[in-house]
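Take these sequences, add in the hints, and give me the full structure.
Taken in order, these protein sequences are the chains called A and B. By the count of the working numbering, the first sequence reaches residue 494 at its end, each step adding exactly one. By the count of the working numbering, the second sequence reaches residue 697 at its end, each step adding exactly one.
Each hint should be verified, as a subset may be incorrect.
[As the list claims (entries may be wrong)] Heads up, simulated SDA-like pairs for lysine to any residue below, C-alpha to C-alpha not over 25 angstroms straight-line:
id, chain 1, residue 1, chain 2, residue 2
1, B, LYS112, A, VAL438
2, A, LYS493, A, ASP271
3, B, LYS(-13), A, GLY466
[Unchecked claim] To give an idea of the chain A side of the interface with chain B (calculated C-beta under 8 angstroms), a few residues:
id, residue
4, LEU388
5, ILE401
6, LEU419
7, ALA424
8, TRP428
[Stated by the list, open to error] If you want the ones that stay clear, here's a sample from chain A, every Cβ over 10 angstroms from chain B, calculated:
id, residue
9, GLY27
10, ASP29
11, THR44
12, PHE57
13, THR60
14, GLU68
15, TRP72
16, GLU112
17, ARG113
18, GLY160
19, ARG191
20, TRP212
21, TYR353
22, LEU462
23, LEU489
24, LYS493
Since the hints were made in silico from the structure, they are not lab data. Each residue gets a CB set at the ideal place from its N, CA and C atoms; glycine is no exception.
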Amino acid sequence: MSSYPLLSLAIWIPIAAGFVVLATGGDRNAALARRIALAGATLGFLVTLPLYVGFDTTSGAMQFKEVHAWIPHFNAYYRLGVDGISLLFVLLNSFVTVLAVLAGWRSAQERAAQYHAAFLIMSGLVNGIFSALDGFLFYVFFEASLIPLYLIIGVWGGPRRVYAAIKFFLYTLAGSLLFLVSILYLLIRSGSFAILDWHLLPLALHEQIWLFIAFFIAFAVKVPMFPLHTWLPDAHVEAPTGGSVVLAAIALKLGAYGFARFSLPIAPDAAHFFSWPMIALSLVAVFYIGFVALAQTDMKKLVAYSSISHMGFVTLGFFMFSAFSIEGALVQMISHGFVSAAMFLCIGVLYDRMHSRQIADYGGVADSMPRFAAFFMLFAMANAGLPATSGFVGEFMVILAAVQFKFWVAFIAASTLILGAAYTLWMYGRVIFMAVANDAVRALTDISRREFLILALLALCVLGMGLYPHAFTRVMHVSVNDLLQHLAVQKY
Amino acid sequence: MNETIIKTLSLAVVLAPLAGALVAGLFCRVIPRWLAAGAAIAGVGVAFAASWLIFQEIRAAQSFLHQLPVMRLAEGATIPASSFNIPIYTWMTSGSYAFGVGFLLDSLTVTMMLVVTFVSLMVHIYTIGYMKDDPGYNRFFSYISLFTFSMLMLVMANNFMQLFFGWEAVGLVSYLLIGFWYTRPTAIHANLKAFLVNRVGDFGFLLGIGLVLAHFGSLDYAAVFQKAPELGSATINLWGDAEWSLMTVVCVCLFIGAMGKSAQAPLHVWLPDSMEGPTPISALIHAATMVTAGIFMVSRMSPLFELSTTALSFVMIIGAITALFMGFLGIVQNDIKRVIAYSTLSQLGYMTVALGASAYSIAIFHLMTHAFFKALLFLAAGSVIIGLRHDQDMRRMGGLRKYMPITWITCLIGSLALIGAPFFSGFYSKDSIIEAVALAKIPGAGFAYFAVLAGVFVTAFYSFRLYFLVFHGKERFGRSEDRGQRTEDGKHDEHHGLAAGQKPHESPWVVTAPLILLAIPSIFIGYFTLEPFVVYGLGYFNGVIFVDGAAHGVMGEFTDHFKGALAMGLHAFVGAPFWLALAGVFCAWFLYLKRPGLPAAIQRRFPLLHALLENKYFADKFYETVFAGGARLLGRGLWRGVDVALIDSLAVNGAARLAGWGAALLRRLQTGYVYHYAFTMIIGLAALIGLWVSLPLLSGMEAREWWWRWIYSLRAG
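Pasting the structure below:
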């Protein structure tokens, strides 16, 4: 195993690069800022690759651990480590950051340095969230990651960006305050901030229930789960393309990851206690949000709602408590990272050219942008869960696990086969197919080399994961089994 | 047998068309046409050749085994020695499950492989001529090769996961090809409809697969079929307390998938609309191969379906409804392709009825003969369409036999095969189905027998209506007033038809050669391959298709009556189907050649019936309004009502506003004036006194008494 502090590098390289980019200053040096940003993001991604290669799939313990004293007075340590649950998210986040930087290459013309710096810093902070093993460190990263995203939406967003940014910020902040209370309570009860100690801490049922509720509010906002989801469509609609990509591919994973890292192992009995309401809310997300997505006329809103619907599978998978369902949920999270990023990037490609997100303004794009149409087709099909794309794997696993769990749960969940295809392909058909809608569409130019590169990378991920998901699930097995052990044992 | 050779061959079968598709697709804008077509055709050619070699291997393996007794279902359906179960790679492991990709090659699979690759090869060649003026030439080749790959993955799968992959992948290609001319709104409407209706079927299919995994613990065919007999009487609890037979639920769920893919009523609505796609794919996908995937799947699952008579009854009744009622709709269509499309629906119904009667091998037999003659009919129709410059309306055809002799003769052969003229291939398969249904005893068999018998007349009628309208009678094409006009439904703006005085001429050899090559099996293949399909226990499907002889003895009885292909053909002349078909042909001749004014008169005489058929039993309208419209309405209602109004406006922004108001109110209190604060104190004091007095009043006592009691209670405490 490598002796380099890989996780620290994964956190601090992007952040340091971010500050270097900031230092390039005004828009005169925009070209330089972009190059540095891309180099920083790429380097940040490359240092995460040894994590996957060197990961020991036979061990459920935390790997690549780093421990340093931080605030000894509070017992807060700089503790890092990844297991089979968090590993892939560090990679996903670092990878998506590269794409987000590339996506902002042309679209962010004003304050380019600050724009790219925000993405790099965000990336480092998120890696911190996924690898923190100390509750306080986690909290600091968790809160700090709000700031770059808030700025991305609020500064580089659309006309209603301030409303959307504040809504996003308040929603998530309100949730995380309860999270702060919970970790302080856990500190008092255990005398430590170590998350792994908390996993073993015996807690009475009523304590677990309160903790679960507090965690739930913090994480459900992020996922987002019905009925705490309404900030997401607004945030997506106003965010710039890169912002939407990071929001969908990364930020939404934080909530789901929180469930896996905190709610389930720390309050397992409460998780059982609340499993039915959680399953019900997940099914509402799949079914109800599926219908709501059908009614959208704004492409970004449609994909935002589709995101919520797909995240419903994640929470559904978590709360059916089987290895198959939890791994399905994790696979769905990764896949959603690829597919939603790709969908938002595709919409970004169109928006950059037409400055409209309205489906009605398009039609016949295939004529002028055939390469783009082919990529968009692939991603639309992945969004609709077609086999051999990554979108299929997670849904397939969760639905099959649901059949085992309760047939009618699977019955409702499987409605996504119809609803997901309906809204995705309806949008695709209206935008890409049909007669050319207007002269603006006729004059569109096909994707550039840079755009081709972004979409091709994602296409490889989507197809690779669809054809060989074993590469992803193999690292999860032992850690998921450990998680199930926690869930199987009564804690009081 | 040498496993590595078989493995290499089977990989070649699937990968060659995939490679062709990738070459033609990824580079469609840079490579010349001949290269795209060449790559695609070479890929499919390799697949056909490799399939033939595998077929030979399996025949060789069977020749060792032909003396073995017929395996009984109760012994557990093991994979027989004459089949090859070839794992390729592990797709995923999770929990206690492993999912793989691999091939199961046996007589059923290889039959399908040969049919698919042969018809596909014919269609590929035909496409060179049919699409020669189309700017999407390379893209088209890419799609049809991709389809061939997907279909082969479907039939060769050795597990349900891969089956589902192929199942959905052919759906994707069908979606792409129906919308091939993507600027037409009707095409885009039709392809979305096709995909969604198929997804409704897949919804059931996936749940069925889920039940298989949950109760059998594996998705591999071998493991599932092995375990099936133990679970024959198992029950499950779907919701509430009701217990359902596991096998019935599993089979019905799987069959719902087949209903979508094979367009069985009430999920048939997408197939007629799929005719928006170019004709070669109507032949390949929407007649010969993809739509028969459901039939293949049920046959593959015979070890499961045999365990549930209820499911078989369901299958049979759905098939019978489709066979008869979709045939009726073919009578009133004027678009040449739509007539054939309804005929396809009806024939798929026949195959489904055969499945319900446990005559799986006969269903596969009809699937095979139908693939040849229906592909032939579609390609012949395509040839007519080219000849008439993309006019599809039969009312503007007529007398074409003079101008297109090869198309005429081959189309006649196809029609004769379709209506079951004795000794043609369609006769053997269809008559076998009718006879099998006559022997069936499960609930619904009586109705099914009536339906398939009546269907013979209907089939003959609409087939020869088409034939007479197109090839005989007055020449109605090239009339100046028709030029540039839209067809009646106003959909096909690109239909030009011939200019006045222009005459159609025979299509080029790349179009007619496939017609001839398909006409040959349409005549002969039934006669020569009949026995392995219809004679139970002969060995070809031994250990591949399972029949519970005790419960569903159709195949056994059928075999007892069987006296050979020649005797069967001769016997036909004294049977009801032959005379019904003849009556159908006669009626078509009388109404459309002898007295061409009569159909319109009949139409006027029975307006209601005509409206019912013209509107396809109002199924499309019903679905569009209730399901499509209802879903959109519900979506909009939920969005506006719950998301926007209730959550966002009321709860979220309401909370924000409440906080704002509260803050404003509090701010107003802090004025900084002493007299305001003094006044507030007085009000507060007054409120306290008010409370002091009013609290006791609530309990109905006097104030002083209440307070005394309160003080006593404190003391006592």
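Hint by hint, here is what the structure shows:
{"no.": "1", "hint": "LYS112(B) with VAL438(A)", "result": "24 angstroms, holds"}
{"no.": "2", "hint": "LYS493(A) with ASP271(A)", "result": "7 angstroms, holds"}
{"no.": "3", "hint": "LYS(-13)(B) with GLY466(A)", "result": "23 angstroms, holds"}
{"no.": "4", "hint": "LEU388", "result": "6 angstroms, holds"}
{"no.": "5", "hint": "ILE401", "result": "6 angstroms, holds"}
{"no.": "6", "hint": "LEU419", "result": "5 angstroms, holds"}
{"no.": "7", "hint": "ALA424", "result": "6 angstroms, holds"}
{"no.": "8", "hint": "TRP428", "result": "6 angstroms, holds"}
{"no.": "9", "hint": "GLY27", "result": "37 angstroms, holds"}
{"no.": "10", "hint": "ASP29", "result": "35 angstroms, holds"}
{"no.": "11", "hint": "THR44", "result": "26 angstroms, holds"}
{"no.": "12", "hint": "PHE57", "result": "16 angstroms, holds"}
{"no.": "13", "hint": "THR60", "result": "14 angstroms, holds"}
{"no.": "14", "hint": "GLU68", "result": "30 angstroms, holds"}
{"no.": "15", "hint": "TRP72", "result": "36 angstroms, holds"}
{"no.": "16", "hint": "GLU112", "result": "30 angstroms, holds"}
{"no.": "17", "hint": "ARG113", "result": "29 angstroms, holds"}
{"no.": "18", "hint": "GLY160", "result": "18 angstroms, holds"}
{"no.": "19", "hint": "ARG191", "result": "31 angstroms, holds"}
{"no.": "20", "hint": "TRP212", "result": "22 angstroms, holds"}
{"no.": "21", "hint": "TYR353", "result": "22 angstroms, holds"}
{"no.": "22", "hint": "LEU462", "result": "13 angstroms, holds"}
{"no.": "23", "hint": "LEU489", "result": "14 angstroms, holds"}
{"no.": "24", "hint": "LYS493", "result": "24 angstroms, holds"}
In summary, this structure violates none of the numbered hints.
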